[in-house]
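A.B. asks: Single-letter residue listing:
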Amino acid sequence: MRNMIARPSSFGRFAIAMLATLVGGDAFAARLDVNVIDDHGRPTADAVVSVIAGASARAPEGTRATIDQRDRRFMPGVMAVQTGTAVSFPNSDDVRHHVYSFSRPNDFQIKLYHGKPSDPVTFEHSGVVSLGCNIHDGMVGFISVVDTPFFATSGADGTLSIDGLPTGRHELDIWHPDAGWSRTTVLIGNAGETVQRSLVVTPKPAPPAAANPLQSLFAD
Amino acid sequence: MARSVRSFRWRLLLMVGGLTVLAQAATFMGVLTVLGKDVRTATAEQLDAAAEQVSDTLRRRAEAIGGSADVLVADFGFRSAIGSGDRETVRSALENNASRIGADYAVLHSPGGRAIVATERALEAAQGLPPALIDGDPEARVHAVTTLGGLPWQRVVVPVRAPTTIARLALGFGLDERIARGLAESVNLQVSFGLRRDDGWHHPVTAGNDGEAVVDIRALARVPDAADATEVMLANVPFLVRTVTLADSGGTVRVVLQRSLADALGPYYTLRDQLILITLSTLLIGMLVAAWMAHGLSRPLTTLGEAARRIEGGQYDIPTGIERDDEIGALAHAFDAMRTTISEREARITHLAMHDELTGLPNQRMGMERLDRAVATARRGGQAVVALVIGVDNLSPIVDTLGRSVGEAVVTEMAVRLSDRMRESDSIARIGDDSFLVVLPGVAPLAADALARGIVEAVCKPLVVDDATVTPSLSTGLAACPGDADSAQELVRRAGIALTDARDTGAVVATYTEGRDEAMRRQLSIVADLKRAVDQDELVLHYQPKVSTSDGRVRAVEALVRWIHPVHGFMPPDEFISLAESSGNVSMLSDWVMDRAARQSAEWRRGGRQIAVAVNLSALDLRDERLVERVTHTLQRHALPCDALVIEITESAVVEDAELALRTLTRLREHGMRVSIDDFGTGQSSLAKLRDLPADELKIDRAFVTDIRAGTADAMIVQAIIELGHGLNMTIVTEGVETLEEQTLIASLGADSIQGYFHSRPLLPDLLGEWLDQRDTTLPEAA
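Read top to bottom, the protein sequences are chains C and B. With the working numbering applied, the first sequence corresponds to residues 435 to 654, in that order. With the working numbering applied, the second sequence corresponds to residues 108 to 890, in that order.
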């Protein structure tokens with residue numbers, strides 16, 4: 435299940451290994467079961483796996499997602515959406531939150547008042563969006579915007595499943611807030627096949643995994 | 108004397124001076140040492156406190172910067188600008204905000220530490236982009252002091268979170284001259300910032316608080332790293348230096364705090380100079396005071412010293428002249444009291460030495476002195492001076508019968524009476540127990556006798572002492588100068604001799620007769636010479652034979668002593684024998700005579716002549732209890748029988764102290780000695796005594812023999828004596844027979860022996876021997 439993990443700015447070193455198990459599925463679509471573990475073999479939550487099968491696809495119109503603000507935390511802490519999804523921030527807290535992100539091109543900011551619903555934010559571009567609250571420094575959330583319909587986020591047990599995968603060899607991206615991106619491939623041989631994989635997520639000490647808006651500046 | 112005083116003065120001066128110097132020096136040294144240490148300690152403490160303060164200040168500045176940085180990176184606008192990703196936006200945000208908070212230095216680093224964007228000044232300082240951050244932890248908040256472009260920078264690095272760390276912001280402030288001056292002013296020291304380079308320390312920044320000399324920066328390079336205050340010489344000026352190495356600089360940046368000791372010691376030197384001045388002035392004043400005191404002390408001492416010398420010299424009348432209230436005054440007062448007491452005592456002693464205690468009259472010494480003066484005055488003035496020696500003749504009897512106190516009373520009264528009779532110019536002295544010396548200057552010698560008589564008669568009236576009436580009997584001897592003597596001693600002596608004459612003759616006043624002095628002196632010398640004569644055999648015995656009238660034989664001789672004086676020649680025996688008797692020396696003479704006579708007798712006996720030797724003894728000999736022993740010892744010494752010596756003694760000698768004389772003579776006869784009474788007929792023995800006279804022989808005095816003629820009274824007396832003597836069993840000898848007629852007559856009257864010039868004068872033993880030999884040849888053989 436998807437658990438939100440409120441992650442403070444510091445984290446220890448750990449390896450995340452993902453174990454994916456392929457589980458058999460129906461004739462048209464294969465299913466991918468992934469077991470995400472760290473490099474100590476522990477189940478790792480909040481890993482976003484996206485499979486690039488086919489061209490980029492935007493989410494159908496009207497696709498909605500929600501990240502709530504409760505107890506001064508983003509709930510969920512990590513969420514994956516397809517590009518074009520409108521994410522709303524309901525703010526169930528009794529305090530104001532000023533949510534922002536500098537993750538271009540998805541940068542936005544929205545002032546959330548208690549009890550006053552706000553317009554959802556549509557994320558048109560893929561990439562990781564780091565969410566912060568200007569008022570509450572400790573509030574950190576991530577939205578991984580992918581432009582593939584095939585994505586899922588690992589739950590507390592470190593597992594996730596992605597259905598409807600076409601056969602063929604596909605690129606598989608794993609992103610974890612602490613580990614950053616890594617890519618691998620998956621082969622779907624048969625429709626209806628269930629592929630199981632284990633994926634290891636290894637956090638990188640530096641630079642930080644979050645998408646850095648200044649990345650371009652780092653480049654030079 | 109002056110030197111000793113001066114040395115006392117000098118000692119006092121030296122002592123006071125020395126004490127002052129010592130005290131001052133001790134204070135001086137103590138104060139200065141403490142001060143000196145104090146200054147250094149204080150400066151060191153100041154440096155320590157300053158070091159603390161500087162560290163504190165810098166730390167707080169760092170914290171302030173950090174605070175500013177925190178605020179800055181929390182600012183959404185700033186974060187948006189940074190998040191824009193646009194280089195220019197970022198740079199402008201950096202510049203803007205940096206200047207807002209007054210930071211010289213703002214650099215944005217990547218989370219990995221690499222510098223991305225920097226402000227102009229930072230670029231300038233670093234000459235390009237500053238170096239990457241060493242500390243790789245993006246979340247780290249770092250304070251550091253770095254060196255950049257030859258300057259130290261105080262820098263804070265904080266993460267920029269949006270919401271995760273997207274960058275690290277470094278904000279910094281240069282440690283420049285402004286900062287240094289601020290620090291210098293707040294700690295009141297000279298402050299320098301130093302950077303460590305390969306070749307040592309380099310101090311680009313140094314500042315002092317206003318007014319203080321700023322040390323050459325280059326000199327600072329030699330300052331060692333000293334966490335404790337250290338003294339170093341910088342450009343020949345002593346400095347106390349402390350360095351603070353900034354820990355968050357990795358040991359590359361330090362703060363040097365220095366304080367010129369020359370300045371710090373300024374007040375110390377001032378104080379030292381003042382102390383020297385005080386010491387010197389105190390010394391000077393002290394010496395002056397000491398000198399004054401010493402003078403004040405030594406002057407009275409000198410005065411007292413002079414007073415003592417005066418007293419030593421016998422001058423008692425001058426007071427010390429010191430009138431003071433203090434101890435010196437008391438000393439002077441005591442001195443004066445001593446002076447007067449000594450003076451009085453000396454006067455008393457002098458008086459006693461010069462005066463007779465009983466009568467108060469001048470004593471002999473003083474009397475002689477006055478006489479001396481009177482004689483001198485008289486001789487100068489051509490005047491005469493008369494000396495009277497007045498003696499109380501009966502003083503001894505008075506004392507014997509009435510007691511000494513009566514005697515003293517008599518003498519005292521005599522002194523008073525005599526003094527009353529003195530004129531102004533006369534003087535009187537007591538020169539003996541019973542004698543006074545009266546000096547009468549200016550009296551004509553012819554009038555002196557009458558004057559003396561007048562005095563004596565007036566004085567010798569009876570006086571009453573203790574209910575006893577005493578009549579003093581005075582005799583006076585008189586001598587005048589010039590005339591009888593030329594000097595005081597002579598005058599007194601001769602007056603004394605005159606007194607003796609007066610007493611002898613019974614006159615009240617006797618004037619000195621010329622030659623008496625010499626005569627008396629001669630007599631004295633004879634007595635002295637006699638003793639010598641006995642010892643040195645100047646005496647000699649002559650022997651006059653007593654010739655028997657019956658057979659003409661000589662059975663005895665009389666020994667007669669003769670003295671040939673080396674100077675005076677032949678000495679008349681009457682003179683020297685009577686002198687010997689009167690001077691008490693006769694036994695010496697008698698012993699000699701007996702011994703000689705015995706010796707001669709022994710010699711004759713050895714030669715076959717049995718001759719008895721008659722020796723003359725004096726009345727004094729008779730009174731000697733030991734006479735008998737003396738005689739027997741003499742006989743024993745020469746191994747003579749007891750009839751070898753005959754003891755001749757004059758009739759008058761027997762009469763004197765008859766009892767004792769008779770006892771002695773009796774004892775002599777008991778021992779077998781023969782006794783002969785010499786000069787019989789002229790003594791005052793009564794016929795009654797004659798009966799008891801223990802004698803064997805009578806010698807009729809020559810007065811009866813001289814010119815004796817038959818039928819005269821002399822012949823009658825002689826005959827009577829002869830018959831008397833025979834009747835009493837004595838033999839009779841007649842002396843002084845010179846003519847045949849005398850011899851014939853006396854022999855016919857019945858005398859047993861005859862002694863006289865008719866037969867022989869006294870002869871020396873050898874001559875007597877010859878005479879005897881010659882006689883023997885003419886006489887018939889002894890029957």
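It should be emphasised that the hints constitute simulated quantities derived from the structure, not laboratory data. Be aware that a few hints might be false.
In silico SDA-like pairs for lysine to any residue, Cα to Cα no more than 20 Å straight-line [stated by the list, open to error]:
1) B:Lys-638 / B:Pro-680
2) C:Lys-550 / C:Asp-502
3) C:Lys-545 / B:Ser-187
4) B:Lys-144 / B:Ser-503
5) B:Lys-638 / B:Glu-682
6) C:Lys-550 / C:Gly-518
7) B:Lys-568 / B:Leu-509
8) B:Lys-796 / B:Thr-813
9) C:Lys-550 / C:Arg-538
10) C:Lys-545 / B:Lys-638
11) C:Lys-545 / B:Ala-181
12) B:Lys-638 / B:Ser-694
13) B:Lys-144 / B:Gly-412
14) C:Lys-545 / B:Lys-144
15) C:Lys-545 / B:Gly-184
16) B:Lys-638 / B:Phe-677
17) B:Lys-568 / B:Lys-638
18) C:Lys-545 / B:Ser-694
Derived, one-sided and incomplete: chain B residues facing chain C with beta-carbon distance under 7 Å [to be verified]:
19) Phe-183
20) Gly-192
21) Pro-270
22) Thr-271
23) Ala-614
Yeah, the Cβ is synthetic: ideal placement off N, Cα and C, and Gly gets one too.
A.B. asks: So, for every hint listed, does it hold in this structure?
C.D. replies: Verification of the hints:
1. B:Lys-638 / B:Pro-680: holds (15 Å)
2. C:Lys-550 / C:Asp-502: It holds: about 13 Å lies between the C-alpha atoms, which stays within 20 Å.
3. C:Lys-545 / B:Ser-187: Holds. C:Lys-545 to B:Ser-187 sits at ~15 Å (cutoff 20 Å).
4. B:Lys-144 / B:Ser-503: violated (105 Å)
5. B:Lys-638 / B:Glu-682: holds (15 Å)
6. C:Lys-550 / C:Gly-518: Violated: C:Lys-550 and C:Gly-518 sit about 24 Å apart, past 20 Å.
7. B:Lys-568 / B:Leu-509: holds (18 Å)
8. B:Lys-796 / B:Thr-813: Roughly 27 Å between the alpha carbons, so the hint for B:Lys-796 and B:Thr-813 is violated.
9. C:Lys-550 / C:Arg-538: violated (27 Å)
10. C:Lys-545 / B:Lys-638: violated (175 Å)
11. C:Lys-545 / B:Ala-181: holds (17 Å)
12. B:Lys-638 / B:Ser-694: holds (11 Å)
13. B:Lys-144 / B:Gly-412: violated (55 Å)
14. C:Lys-545 / B:Lys-144: Judged against 20 Å, a Cα distance of about 70 Å means the pair is violated.
15. C:Lys-545 / B:Gly-184: It holds: about 15 Å lies between the C-alpha atoms, which stays within 20 Å.
16. B:Lys-638 / B:Phe-677: Within the cut-off at roughly 16 Å; holds.
17. B:Lys-568 / B:Lys-638: With a Cα-Cα distance of about 45 Å, the restraint between B:Lys-568 and B:Lys-638 is violated, given a limit of 20 Å.
18. C:Lys-545 / B:Ser-694: The given pair, whose Cα atoms are some 180 Å apart, is violated under the 20 Å limit.
19. Phe-183: Because about 5 Å separates B:Phe-183 from the closest Cβ in chain C, which is inside the 7 Å limit, the hint holds.
20. Gly-192: OK, holds: B:Gly-192 within 7 Å of chain C, min 5 Å.
21. Pro-270: Since the shortest Cβ distance to chain C is 3 Å, the answer is holds.
22. Thr-271: Holds, about 4 Å.
23. Ala-614: Violated. Min distance 169 Å.
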